[in-house]
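Listed in order, the protein sequences are those of chains A and B.
To convert, note that position 124 of the first sequence is 124 in the numbering used here; the numbers rise steadily by one, no gaps.
To convert, note that position 122 of the second sequence is 122 in the numbering used here; the numbers rise steadily by one, no gaps.
Worth double-checking, as some hints may not be accurate.
On the chain B side, residues computed to face chain A include the following (Cβ under 7 Å) [stated by the list, open to error]: (1) K18; (2) P21; (3) A22; (4) L237; (5) L257.
Calculated directly from the structure, the hints in this document are not laboratory data.
Glycine included, every Cβ here is placed at the ideal spot set by N, Cα and C.
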Amino acid sequence: MDKHIVIIAELRGNQVNPITYELLALAEKIRRTHTLPVKMILLGADVEMPAREIADASGEAVLAIENGHLKTYNGELTKDLLYDILSALYPVFILAAQTTQGLDFGPGLAVRLEAACITGVNALVDKGEGLCFSRAAYHGKIVTHVLSATETTLLLVQPGAFKAVEKEAKASGPVEIKTSDAEPKRIRSLGISATRSEDAGLAGANVVVAAGRGVGEKENMALIKQLSALFPRSAVAGSRPVCDMGWLEYKRQVGLTGATVSPKLYIACGISGAMPHQVGMQGAGFIVAISTDPRAPIFNLSDVCIQEDLKRFIPALVEEFQKRKRQ
Amino acid sequence: MKILVCIKQVPDPETIFKVEPAGGRVIPEGRLKSWMNRADESALEEALLIKESVSETVVDAITVGPGPAAQVLERAIGMGADTGVHILVPDDDLLKPLTIASWISSYATGKGYDLILAGVMGEDHMHGQVGPMLAELMNLPCATSVIAERIDPAAVSVTVEREIEGGQRSVMEIILPAVLTFQTGGNEPRYPTLSNLMRAKKQRALVIPSEALPAVQDREKIVGADYPQKTRSGVFLEGTVKEKASRLLDILEKEALLF
Chain A
1 MDKHIVIIAE LRGNQVNPIT YELLALAEKI RRTHTLPVKM ILLGADVEMP AREIADASGE
61 AVLAIENGHL KTYNGELTKD LLYDILSALY PVFILAAQTT QGLDFGPGLA VRLEAACITG
121 VNALVDKGEG LCFSRAAYHG KIVTHVLSAT ETTLLLVQPG AFKAVEKEAK ASGPVEIKTS
181 DAEPKRIRSL GISATRSEDA GLAGANVVVA AGRGVGEKEN MALIKQLSAL FPRSAVAGSR
241 PVCDMGWLEY KRQVGLTGAT VSPKLYIACG ISGAMPHQVG MQGAGFIVAI STDPRAPIFN
301 LSDVCIQEDL KRFIPALVEE FQKRKRQ
Chain B
1 MKILVCIKQV PDPETIFKVE PAGGRVIPEG RLKSWMNRAD ESALEEALLI KESVSETVVD
61 AITVGPGPAA QVLERAIGMG ADTGVHILVP DDDLLKPLTI ASWISSYATG KGYDLILAGV
121 MGEDHMHGQV GPMLAELMNL PCATSVIAER IDPAAVSVTV EREIEGGQRS VMEIILPAVL
181 TFQTGGNEPR YPTLSNLMRA KKQRALVIPS EALPAVQDRE KIVGADYPQK TRSGVFLEGT
241 VKEKASRLLD ILEKEALLF
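Construct the complete structure from the given sequences, taking the supplied hints into account.
Structural data, given as structure tokens:
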């Protein structure tokens, strides 16, 4: 058996989730020190089109497994099918996306494969002892560097951490499609409910003003709305804690399990900026962060940092804005 | 029903952490405030809600941690859990998720739990691994990122809604026994009651020293820690509040962001 870097592609509906190509970018980085062939694995109910797309775009070998029970994600079946494939290969690194799917099947799959499992991978560093994977801890305030101590390592890769690279025209990779009639025994998928996906105007907004735990009290949400109202085509959003506290509707949540936004301007108010929030907003054109905590991770993601209490800063900003408008 | 809830004590998110230059050990600055990981608290609340609706339900809480972690068990019993189990470790700093999952599995195997609940992710190390690893070690089905669940009255299965990307929910039916990990926000965790807290003081958790459990070989090694690097310019504005407001507007104007 040849050693491999295995990439587990992810589908969203029947489209290739673009994070698949970010995984490929990490694989390329690993290959600088480990010259290993890449194998892309795809599971789904209808894999032909996405498998060809991945093979065309990557030039790598694609193995696709078609199973009618995978119209929507099924953790039990995913783990079973991936285990069968991977135990017949010799994967040194298994790369999957740190999405709600990856986090669901990844740790259990690693246990079954007796592999190391490193989640939240956002960088590759060489600490002199071999390839080290960096990940955020403590709300993103600290980065730890982790070395694998086993032959096989499963990595869950943070969305947006590695930039997908456009490859120069290369021959399409070989595609192998297998059909499977395996059935999940203990988990039955009942479909997707979209109770929270109503449009909150986040997708089309030029400016998103987002509130975090640092807003402090529900009453202060008025400040966020005031700030948002300065901009045409703007929307109010928030991090998970703000929605959990009932200060904002869940449909306005930005982050891993909420919306992903990429407005021209993102203003983060009292948001610490831990990984789950970061993946939802890191694609914004220009990021301004307001926080009292000088070590808030959001400041590492921002173009402009304002270390102030938003209760003082936002009124001052609104006043200055209106003064200029009158002139 | 018999339910086990895995809970963890984590530092307050406001804690400032320092990285020791030599060895890269992470240490908190000042006096450490700790509490129950919020997602674990949601899992516990969900177990207590089941206990209220399904008769003869027993809820046990388990934690893996050093001495002070006993506080979260006290809180769990204060909220209404029946018993607490403390897998006591000398120092939790470098415990790997597989080790924690293996110890909980050693304790829980053969005890007839119908449901094992946990938080989706610890706020401290943010691995998100203990729940799904525990399920695998115990050969149980698992659903992560659960926001709501409904137990079948005959208690043979549970229907769960998993939160997935884009605010959508994936719905599935899972045969019991099963492991579920919870998101925050699906319920409002209750406060402990005085009478339950008094019971917690008297009752004491069952303490199992980790040395008494099988050792687990680490599959990863933490070789260092750093502060995160900036991914953008991250210019801090200087001056009074008013000056900062004015400077920000200058910048937004220059970037053509004042539409």
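Legend entry - Status of the B/L237 interface restraint (C-beta, 7 Å, chain A): Cβ of B/L237 sits 5 Å from chain A, so the hint holds.
Legend entry - B/P21 as chain A interface residue, shortest Cβ-Cβ below 7 Å: Not OK, violated: B/P21 not within 7 Å of chain A, min 14 Å.
Inset, instruction - Against chain A, run the beta carbon of B/L257 and see if the smallest gap drops under 7 Å. - result: B/L257 check passes; min Cβ-Cβ to chain A is 5 Å, inside 7 Å.
Legend entry - Restraint outcome when B/K18 is required to lie within 7 Å of chain A by C-beta distance: violated (9 Å)
Legend entry - Hint status (Cβ of B/A22 to nearest Cβ of chain A, threshold 7 Å): violated (14 Å)
Going through the hint list in order, the structure does not satisfy hints 1, 2, 3.
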